[in-house]
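Here is how the chains run, residue by residue.
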Amino acid sequence: MSLFALTLHEASEKLRRREISSVELTEAVLQRIAATDDRVRAYLTLARDSAMEQAKQADARLASGQPSSPLLGVPLAVKDNFLTQGLRTTCASKILGDFMPPYDATAVAKLRAAGAVIVGKTNLDEFAMGSSAENSAFFPTCNPWNLQRIPGGSSGGSAAAVAADQCIAALGTDTGGSIRQPAACCGVVGLKPTYGRVSRYGIIAFASSMDQVGPMTKDTRDSALLLQALAGHDPADSTSSNHAVADYSAALTGEVKNLRIGVPKEYFVGGMQPEVEKSVREAIRQFEQAGAKIEEISLPHTEYAVAVYYIVATAEASSNLARYDGMRFGHRADAKDLTETYMISRDEGFGSEVKRRIMLGTYVLSAGYYDAYYLKAQRVRRLIKEDFDNAFKRCDVIVTPTAPTTAFKIGEKTSDPLQMYLSDIYTISINLAGLPALSLPCGLDNNNLPIGLQIIGKHFDEATVLRVADSYEQETNWHNQKPKL
Amino acid sequence: MNYEPVIGLEVHAQLLTASKIFCGCSTQFGREPNANTCPVCCGFPGVLPVLNKKVVEFAIKAGLATHCEITRSSVLARKNYFYPDLPKGYQISQYELPICQNGYVEFDLNGATKRVRLTRIHMEEDAGKNIHDAHGDSSLVDLNRAGVPLLEIVSEPDMGATEEAGAYLRTLRAILQYLAICDGNMEEGSFRCDANISVRPVGTEALGTKIEIKNLNSFRAVERAIEFEIQRQSETLDDGGSLVQETRLWDEHREETRSMRSKESAHDYRYFPDPDLLPLVVPESWIDEVRAGLPELPAARRQRFGAEYGLPSYDAELLTSRKDVADYFENAVKIHANPKALSNWIVGDLFRVLKDRKLDEQLYIKTWPLPAPRLAELVQLIDQGKINGKIAKSIFEELLDSDKTAQQIVSEKGLEQVSDSGSIEAAIDKVLAANGKQVEQFRAGNDKVFGFIVGQVMKATQGKANPQKVNEILRDKLK
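Note that the protein sequences, when read in sequence, are chains A and B. Residues in the first sequence are numbered from 1 upward in steps of one, following the numbering used here. Residues in the second sequence are numbered from 1001 upward in steps of one, following the numbering used here.
None of these hints come from the bench; they were simulated from the model. Note that the structure is predicted; figures quoted are calculated from it, not measured. Heads up, some of the hints might be wrong.
Said to hold, decoys possible - List time: in silico DSS-like cross-link candidates among lysine-lysine, alpha-carbon distance up to 30 Å:
1) A:K336 <-> B:K1079
2) B:K1129 <-> A:K355
3) B:K1358 <-> A:K94
Let's have the full structure, built from the sequences with the hints guiding it.
Shown next as structure tokens:
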């Protein structure tokens, strides 16, 4: 087996047993990138030299035999909306120019402290706005399962890199499904933790009340390891939580007996690809056979989620993106005065989807419209959250499809933003409610494209979500399927 | 027609915290441009604000001192607009649910107590500063001030005269200075004021068109601008014109206001709760703790100075308008209990020295040119009859920046007052003999000459004679 194909827990064990070195592993991953990334195009920036340097340092630490993190010496990829000190960060936007961050995002700093090797920055939809990675200002990323297909988005680069074995694991961010939907499209495991579980400090804000950092991995065990390294309160992020961090690996008991699994009826309606429904139903049967209790539940405000999301998220984005004004960093156009500098810099710097969302968000916050849109959306958001609170009185986790379809063709939905927005119909509510949710592979469709199963947990109950996902992996082989590249 | 003004004031008070409101950068004034900055206050990608607890504590202090309700769960909001000195493209402020609401400030004016209600006090971050024309045809931005904490204190339109506005501002400033949360320096911009003014025919109730005036950098500017606006608005109405709601700038040199922007072109700030900051919950216990630590405030102290020391209200007002001065006075009174004499020395001679040395620009004077115990000793020497008032004035000057005591200077220079009748009589006899003409004039009924003769006697005794004794003996001799 090639080294680049290892999972995080396998690689970590081999490193610890000194069967392989971090330098060997990192070289293997970099070679894999060199061999495949002209087709996949997962990476925006590679960090070959610093990665090799970090690998050497990791080997020195491994040689010392000191207790260390399972991430020590493991090559990881980071979505290009995390600030990485000394490593170009673009957010897949021209407006950032050749922005060189003066500091590390907290999540990145934690990876570095654990001794992880950062091999590069992965592609995304510009400012994480999109469901296909096609909105990158640089180039679209291709799905390793079928290069004519999208890898999902916005963390499409990280998902494709994990699926293509171009890294051992990766970081993504998820505001409306941006970890889970690409994980589903690329047949990998993607976890969006509870809002507040992982620090947002140093990730380029899209919608602050929903953005959340999470792991994208080859299996659930890896997800638990990576989350362990990321989770916890950060004094630099006022919205990060003090809630105690569980031992996620210890939670993986494989046991789902008597676990109550909710299946929301509103999620199995029209518009779903038949193979997706079939695979998800099959997975639910599997849980039932393993001793779980299946409960039909109702999340009555589901139909409003997409509308609420596109009001709240765009409102926050319109404000968050005001700082890209050409004054202190990033792209600045030559212009005759201040107003023109703003207008031309932003016109040239932002892509059309970003502009669309800034306009939407500006509109819904404007005098005379605030109450009708923003305030109303916040009220409905509360109802959506209450739907979940009520449902979780009757179940421990909720199981749904991650996305209504498998990966669509590149270019298929770019001219119809509304169709594109519906890709996130099953993931968006979870961000509005701030809940943890994980997507893992549960089948392949007739075109040999991965299908994702979503497991939603209670607030701060990532442990149960991971346990359920892991138990499924123990009974099935979908997570071991690899694309042929 | 006769018009009356309706005035409301918005004050921005810069808080005396060591660090900025949302990051750890220093708030120190006068450092080189952009020395006090970090990714957070420069609005770099990815940064998040963390609210400085001291700012909240100061806001609660201000609220309690002005009889406000403290909002138990208040909200920080984003005020969105583009400007190069505003790094994030929004200012973090408070909009709905400010930290303090519904308070008031009281002061005495023309023998009556006036109450001005406060609508709200809220916390916000200051913007940076644009520097124009310093670098060819481009402008520069200094973000040292970006993120410095401010309180915005908004009054109801409760003031009906310029002098009420002035008195309100001075009272408010004194309160903030007593709380040691703002240095109150208008010229340096740490205490800024915008005024809202309308006029209406005397005796009517309906409010006129509100005009906002900005750029008021001194008490004088506030008062002059209000006066100007009252006159401008009254004349416009008298001429049959109408007023439009607008913002006007005070031009210090031309002493006039001019239009800046009208309501139609006003910004839509698109306020919304900042999702990066959770609602600010202030527990009851914290409010109690802050309340317990509040100092005696100017109004209470002024009253006490009248009651306890028997000072006239004018003296009490002057002494208590600054906490350091009031503390100084009380330290002196502890040593020598002649409150009125001490008050006279403080508001007269000492204030002159403070002003000359610009010490009055400090929030709290720690090093006095003459420490309180030594002023008390000087007054004590007068009261004991050891020196007279005139000699005391010269000793006062010598005491400044000296470590000698008044007694030492008196002894060294032989300045003790001469009170024995023999010496004084001898001096008087000499003076009378040498000034026969004036003695005649006095006896002929010209009282004014008496002062001249006293002066000659004092001169003859190098100013050391006890003036009272001189008076008595001289009157006797001239009978």
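Hint check results:
1. A:K336 <-> B:K1079: The given pair, whose Cα atoms are some 27 Å apart, holds under the 30 Å limit.
2. B:K1129 <-> A:K355: Holds, because 29 Å separates the two Cα atoms, which is no more than 30 Å.
3. B:K1358 <-> A:K94: violated, 53 Å
Checked against the numbered hints listed earlier, the structure breaks hint 3 alone; every other hint is satisfied.
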